[in-house]
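Q: Taken in order, these protein sequences are the chains called L and S.
When the letters of the first sequence are read in order and numbered with the working numbering, they come out as residues 712 to 1024.
When the letters of the second sequence are read in order and numbered with the working numbering, they come out as residues 6 to 319.
Hints listed in this document are in silico derivations from the structure and should not be mistaken for laboratory results.
Being a predicted model, the structure only gives us computed values, none of them experimental.
It is possible that part of the hints are untrue.
What the hints assert, rightly or not - If we take Cβ atoms under 8 Å as the criterion, some of the chain L residues that face chain S in the derived model are:
{"hint": "1", "residue": "E743"}
{"hint": "2", "residue": "R773"}
{"hint": "3", "residue": "M781"}
Where a beta carbon is used, it is the ideal one built from N, C-alpha and C, also for glycine.
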Amino acid sequence: MKQEVDISVEFAGIRLANPVLTASGTCGYADELGDFMDVKCLGGFITKSITLAPRKGHPTPRIVETDSGMLNAIGLANVGLDKFIEEKLPAIGQMSIPVFVNVAGETFEEYVAVAERLASEKAIAGLELNISCPNVQRGGIYFGTDPALVTEITSAVKKVAGEKVLMVKLPPAVTDISAIARAAVEGGANALSLINTFTAMVIDIETRRPVLANRTGGLSGPAIKPIAVYLANKVYREVARDRGIPILGMGGIRTASDAIEFIIAGASAVAIGTASFVEPACAIKIIEGIKKYCARHSISNIKELVGSLPDVK
Amino acid sequence: MLEKRSSTKGVFSTVVSFNRQIGQRLYRLRLEFSGPAAESFAKFRPGQFAQIDLSGAALPPTEKIPEGLRDASGRNILLRRPFSFADVDTQGNKTFVDLLYRVVGPASLRMTTLSAGNLLSIIGPLGNGFWIPQGKKKALLVMGGMGAPPLQYLAKVISANYPDIEVTAFVGAKTAKELPFEGRLDEISQQLEFALREFAKYGAKSMLATDDGTAGHHGPVTECLSQWLVSSAWARDTTIIYACGPEAMLARVAEIAKNRGIDCQVSMEQMMACGFGVCQSCAVPCRVIGSNETVYKMCCEDGPVFDSREVVFS
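Produce the entire structure from the sequences given, and follow the hints as far as they go.
A: Shown next, in the form of structure tokens:
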């Protein structure tokens, strides 16, 4: 009899039925993708960024397509913590899969206040600390590029996060991403997610002005995938593996093959972002594709695949 | 009663029936739907839209690529492209939809190589279409450039379901060649009451305007609307304006409607990545009724059709 492939993973103490999540800012607050797929089939779900007060976001244009990618500058538009808890959390409670809330802010105090309030909410499994958003003037990536600040903000949030798993989302455009990863782990991070988007710009040569109202935006999509795979592997080898810290890999994944590359590089789980805009149910296809790959390679448990890339050339 | 939206959206497969050039850089594409997709798209409302994946369509041969698009043409297409429909027709258990497109960039350039039998992935029906409040007797359809197709379909729906409503179409473009209709339009004078057969076939009057005077009235189409409001008999409560086109035109139509106290619905356009509310790209600044506050609504989910009093035009 053919043995069923076990693709469930233990992720910082949380059991995920499969290693595929949907990434923050690409799947709404809860079940917005429910028109296209059974959200319960996902390994997990990450909400869009939540800040203490509601944010309207940036003027338009907020996006522009690039070669095999896109830039976005939404500006962390969200309903704010109170409305999130009141209106969105009940739907999250119905989802019966692990849900991470992405936490953002402009000051240390704001991050801590949001995290503290969410720590007591039973419906959520963990927090994803967004210290890498390239699209806000204050906060965001400012905190994520200095190791000392990363340790400081991670430990401040960790103190109030209670039982919740704390995952820190890393920026890609830093001198040494491992230094940032190490700083997050020293601050108490239980998991690392990487990468966030790259700060980038598109210029309209007829008007000689930036296309985006915000001037710059975050580059995502297939264009960034090889860099993301490299950075996931770097952080896995240099920081995460020896410390037993799981990595959530992301950046341009749109097929099972893409996801498997990240897992071989060292990611315990992966997140689907931009691809959900094009194929809203692609996460489900990716889950099926991972199972088929494992069966084809006689892998009975996906753990065998995680970080299976040899260190040597 | 025409509902704002049908709630049967999904990702569907559709087959190209034909893809025909009808003017300079202008094409008519007919798509055929079967099974559950046919049911969903049979309920497609005028002004709703669908997102089509064109990433797999081939480029035309180099010599057929217009000079101005050569640089952009090699770019890979990542995101779907949104389209509204000019016509929806059911025949037996199949649904046929017609969309008009103009070649403006790398995705629409690739569309020109689609041919009968090709399969496309399509997400829809999306967003809110035009709706018809109780008691209306006159519908004034104001359109600019590629804003015309959804209002052609609206004219059809009104003529089929609302025999009491008289439709008049005001059709504008920069120049005669950019009017998204078939045939010689530059011979049409501004005196003609039924200028376009695409509206005449639904019993609707229509008049043309071009910015350069190459067809119909020489000037913006909104001048035709203003003149009509001066010279025709109409009542405030029983008249409604529907508009689709460039934002500057929509802003002017909204202003005319406000000054005259006429209900008005506008179809807005914004760059969008997803089309179903998760990317938050397509923000439209809107007034909060009863306050000075403005909020961003999403063109895809809250629109694309809005009450004109709600929209803050830039």
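Q: Next item in the hint list is M781/L. Is there a CB on chain S closer than 8 Å to its CB?
A: This hint holds: M781/L lies near chain S, its Cβ roughly 6 Å from the closest one there, short of 8 Å.
Q: Take the shortest C-beta to C-beta distance between E743/L and chain S; is it under 8 Å?
A: At about 5 Å, which falls below the 8 Å cut-off, the nearest Cβ of chain S leaves the hint on E743/L intact, so it holds.
Q: Would the hint on R773/L stand, with a C-beta cut-off of 8 Å toward chain S?
A: holds, 5 Å
In the structure shown, no violation is registered for any of the earlier numbered hints.
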